[in-house]
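Heads up: the sequence shown begins at 1 in our numbering, then just goes up one per residue.
It should be emphasised that the hints constitute simulated quantities derived from the structure, not laboratory data.
Please note: incorrect hints may appear among the correct ones.
Claimed, not checked - Cut-off 25 Å, straight-line C-alpha distance, at most; resulting in silico cross-link-like pairs (DSS-like, lysine-lysine):
1) 63 to 165
2) 63 to 81
3) 207 to 263
4) 165 to 254
5) 63 to 9
6) 165 to 293
7) 197 to 9
8) 254 to 293
9) 67 to 207
10) 274 to 254
11) 207 to 197
12) 9 to 165
13) 293 to 274
14) 165 to 248
15) 73 to 63
16) 207 to 254
17) 73 to 9
18) 263 to 197
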Amino acid sequence: MSHISDGNKLDVLFILDTTGGMEGRIDEMYANLMNILYGIAASGLALSDIRVGLVDFRDHDYKPPSKDYGFAKGSDVSAIKARMQSLQVVQGGDGPEAQCEALNTASNTGWMPTALKIAIMITDSPPHGIGEDGDTLPNGCPSRMAFYLHCNHILNFSQRMIAGKMVPLMNSGELRPIIIGLVTESVDIHRLAIQYKAQIAAIQLSKADPEAISQILFDDWQAVGIQAHSFTFENIYEADDSAAHNAKVWVDAKQIDVVTKQKLNQASVDFRIKWNFRTGDGPKPTEISLTWKQVSRAQVDAIVAAALRKK
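Between the sequences and the hints, there should be enough to build the whole structure, so can you do that?
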């Protein structure tokens, strides 16, 4: 998720699951930290203008279930690595973990007011309260912060809500290009939102609906060839007809209750992941790319949403 600002500063917050199976991914991120930072800086920002923060989370059996490690300048690699070395990986209990607690911690961390704010959550488990088998907290996080719900559905739908993306991480070696790609595209969306904010505001005077604004802007930009970095990745999930409906149910929900859950449709597929990605010997996603091309409609939607959020 990202947030628009006026400054040429960038805050990147990593929200890390520190339970059992995540150790390899954290080690990979630690080993490639310099390459990740230089890759982000290639978007046109100096390392001194980038800050990197850490929030970790596990489950509610551990106190606190989420911890804020603060931000350090991108130019101070040793400080970032010291924070990462202090992370303690623990064994999880049930499947779901305290993601919602972590998101609350992230929202209250020391963000720089003038910076573009990007949060990247890296996890291998769903949140509490969405009906997963073996969930010991079926009503959600005890602190009542379980709003990012119905794992695969809600995370995919986040692109329409907060210009976010859910990216499958099949092996740790893909972590570096994924992080660089996500941040680079977000920086471009941020800059275009600032550059064309006046045009978007002018269109809004006659077209209050964001969908209509996006369509007008997309048509105009296609004609003149506005470009941006586009980060793409292979989809490993089977098509699920219930996904959009269920995601919207959770997004519109005011609380987790029986009434909300009764609105959900049964998933239309038995296995979310495509067959060729389910076996250990199967092919891994290799279609990860960052290219410079004409802006897509999805990118225009994100640009319009960011510009309209900014006062």
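Structure-inconsistent hints, enumerated in ascending order = The structure conflicts with hints 1, 3, 5, 8, 9, 10, 13, 15, 16, 18, although it agrees with all the remaining ones.
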